[in-house]
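Please construct the entire structure, taking both the sequences and the accompanying hints into account.
Read top to bottom, the protein sequences are chains A and B. Position 43, counted from 1, in the first sequence is what the numbering used here calls 44; the numbers after and before it change by one each time, with no gaps. Position 102, counted from 1, in the second sequence is what the numbering used here calls 1332; the numbers after and before it change by one each time, with no gaps.
Bear in mind the hints are in silico, worked out from the structure with no lab data behind them. By construction, the Cβ of each residue, glycine as well, lies at the ideal position given by its N, Cα and C atoms. Be careful, since some hints might not be right.
[To be verified] With the C-beta cut set under 8 Å, the calculated list includes, among others, these residues of chain B facing chain A:
no.: 1; residue: Glu1334
no.: 2; residue: Phe1341
no.: 3; residue: Ile1345
no.: 4; residue: Ile1359
no.: 5; residue: Glu1374
[Unchecked claim] If the Cβ cut is set under 8 Å, some of the chain A residues that face chain B in the computed set are:
no.: 6; residue: Tyr136
no.: 7; residue: Ile179
no.: 8; residue: Phe193
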Amino acid sequence: MKIKLTEEQYNRLLVEDDKDFLDGAINFKHIGNKVSPFIVKLFNIINEKCKDCPWDQVVGIIKNDFALTEEEATLLTYNYNNFRAHRPNDEWTFDEALGEPLIYYGKFLYDTAVPVHGRVYGEISGWAEGYATSYEDFLEVLQNGEGDVVIDWNDRVDAELYDVDWDIDDDGAMERTIDDADEYDEDNMEEFLNRVSIG
Amino acid sequence: MKIKLTEGQYNRLLVENDKTFLAGKVDFPHIGNKVNKFIVKLFNYIHQKVGTFKRTNNDEIRNIITRDFGLTKGEAELLVHNYANFSHDIDIDDFSSYLGEPLEFYGELKFNTRIPMQAYISGTMDGYITGHATSVDDFIDKLENNNWDDVDSDWDDDVEYYPEDAEWDVDVDYAGDRVADEIRDLRRQGDEDDIIDRIEIVE
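This is how it looks when you write it as structure tokens:
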């Protein structure tokens, strides 16, 4: 398949950094930061083979049929969808995208304190009580599990706190992250960037 | 109201311990361990007011005994139980024939034990949020809008937590079974004295 370039597209391909994303922070092995002839071909094949497939299926095809990494496939799927979203009718081809910058789309990681919760078990002094006509009758009440359990709240609970099964508190994590992120803006990026990594 | 006694009833009233229950462990301030004239009158009065015992009039009878006769809650519990026993299956309107009959003890007892508890405790640990974005700014927006993919922790790290904040509840499902198991175990081991030592009668 031959691809025709405009002069502008050709010049851009010659001079620009065509490899990195996010000011050099990200560099992929098999793709650069612009739509190459290979990517045009890839987009055309996806369009023929799996035009309206769900996200994960498109990522899978790009990974398996083109031997790209998960991260590369994710970025290309995003750009494939983005390209189509901006051209709603069918009067276009992916050739138009040749030389266009690819939009970075990848996984970011934000270091934070994660709220967790766990169930802990212990014991406290108390008693089981119930109505009975004699001690023997009361023992039967207890053996049948019919006594009411009452706690001596003046006592402390004995608990093995090292033996807790902790789980992430998803709701708490959500609220905490929203509050946390709300403290950053474009003028206050340095501290935020220290807590972010791109994976 | 006059009450007639048989000679047997009269003799029993003269010689027997007519005060305590459970081998002297329980002693009520206003009633003894037998049906006396006062209790006959009380039972007759209850019958006049509410009729024979039914589960549904249990509370009403107890209230009459404490309110109209000035007896304690424990005495009322015992008398309701005995009123139910005497009037069970028969519509009796005069309880004189029970004069001198022993009252069956019925009261609240408690067994001292350890109660299983459970609580949720909260803390924090080092971790991270992950999400897909087109730039750092986009990622901040996504964090702020709760549009991230996953949250995970470094599970090798220690949890910082505050056990004093735990809100403890009785482990209800387990508590009843545990008492029953404890009683069976003590009986199996022949430790009945230990059981009795740990039982108290609630006044």
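Item to check | Hint check, failures only | outcome: Checked against the structure, no hint fails, so every one of them is satisfied.
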